[in-house]
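A.B. asks: Below, each chain spelled out in residue letters.
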Amino acid sequence: NAGVTQTPKFRILKIGQSMTLQCAQDMNHNYMYWYRQDPGMGLKLIYYSVGAGITDKGEVPNGYNVSRSTTEDFPLRLELAAPSQTSVYFCASSPEGLNTGELFFGEGSRLTVL
Amino acid sequence: AQRVTQPEKLLSVFKGAPVELKCNYSYSGSPELFWYVQYSRQRLQLLLRHISRESIKGFTADLNKGETSFHLKKPFAQEEDSAMYYCALRGTGGFKTIFGAGTRLFVKA
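Those protein sequence lines, which keep their order, are chains F and Y. Plus 612 on top of the position in the first sequence (first one is 1) and you've got this note's numbering. Plus 152 on top of the position in the second sequence (first one is 1) and you've got this note's numbering.
If you're looking for bench data, these hints aren't it; they were derived computationally from the structure. Don't take each hint at face value.
[What the hints assert, rightly or not] So the derived list for chain Y, only partly shown, Cβ under 8 Å to chain F, looks like this: (1) K161; (2) L198; (3) R201; (4) F228; (5) R242.
[As the list claims (entries may be wrong)] Within a straight-line C-alpha distance of at most 27 Å, the following computed DSS-like cross-link-like pairs (lysine-lysine) qualify: (6) F:K656 with Y:K225; (7) F:K656 with Y:K260; (8) Y:K217 with F:K656.
All residues carry an ideal CB built from backbone N, CA and C; glycine is no exception.
Looking at chain Y on its own, in the form it has when it is part of the complex (with noise of 0.2 Å):
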């Protein structure tokens, strides 16, 4: 069964301070694997598909086979990127994707 695993709901680090966060998967095939971010106010909206391997406003994330995880990384925090992040997976030539249940990421001045 496809499933998507994000351990912490919240995550607070303050500002110039790296920050990571967690996803995990289930899935046995080859997904697409995405973040999306939803800032305050705003729309849910893509930050990042593991298929283009680019970084985003600062952001990476390394799709890793072998632990069927799909970090996100950015080595300086700023307060804008204080957010609500989900994880979301789509198999391998399907129309669903799946979400995890969000981390919400809380940057300190």
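Here chain F stands alone, though its shape is the one from the complex (with noise of 0.2 Å):
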């Protein structure tokens, strides 16, 4: 199993540009999230889901969109990228069923916006 797989690794967007993470998990988890990680903060939830075709807002929802057509992939869409979205971005999955609450990370995709 590879886990869960982000793309890109690295990004330089500009101002105003648009992009996508890749996410794809292959541990047929039900549940996937996405975070950012800035310096100092942690990790904050952007965006959630707990199956294809639902997902639901964290809490730094502003600025971004997700989709979730399929168990394995759950993609981030910054539509206009601003300095402030500089961040590294983290994929993650966690299984359904009571007491496992864990999740399992990508390896992050570093994005700046310049």
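Need the complex rebuilt from these two chains, each delivered in its own frame; the hints are there to steer you.
C.D. replies: Below, the structure is given as structure tokens:
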């Protein structure tokens, strides 16, 4: 199993450009998440999904969109990039069920907006 | 509101010394608490969870509901413990996990 795979690993965007961060998992997990990691701020939840076709906002959803058309994929879309979106983005997945809750993370995508 | 607070951004100890990374939480209910660790150039990964009451790599953490704390402890720190540690909380029956700001542990030889 590859686990959680994120692409790209690095990207530089100009203000106002759009892009999609890809995330795929091969563990058949229903739950998937996008976090951003800013220095000294920890991880902030952007969006999450509890299954195909179901998404919901996290703590910091503004400026982002997601979709979940399959169990495996959970792309994160930035429509109009802003310098405040410079961050490291982590995708994670989690199995369903009681007493689980463990998140499996991707390697991260470092995004710089200039 | 749910909140996780890790008061120390950086903790530096000598090898062999005890280490305690502090975590306090705010949640109106019975949460699930976790410690995640990120070693240099590795993915963020689960270290331990309170519900398992286990010791992983010599680390333990006890949930203190009265003090709303979930401090991570190890009696004798090793150099390989140097990493970024995050305390995390998930509400009972919930799907969202929120994280603290993290504590960077540096174990000196």
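A.B. asks: Work down the list of hints and note, for each, if the structure agrees.
C.D. replies: Hint check:
{"no.": "1", "hint": "K161", "result": "holds, 6 Å"}
{"no.": "2", "hint": "L198", "result": "holds, 5 Å"}
{"no.": "3", "hint": "R201", "result": "holds, 7 Å"}
{"no.": "4", "hint": "F228", "result": "violated, 26 Å"}
{"no.": "5", "hint": "R242", "result": "holds, 5 Å"}
{"no.": "6", "hint": "F:K656 with Y:K225", "result": "holds, 25 Å"}
{"no.": "7", "hint": "F:K656 with Y:K260", "result": "violated, 30 Å"}
{"no.": "8", "hint": "Y:K217 with F:K656", "result": "holds, 24 Å"}
Consistency with the previously given hints fails for numbers 4 and 7, ordered from lowest to highest.
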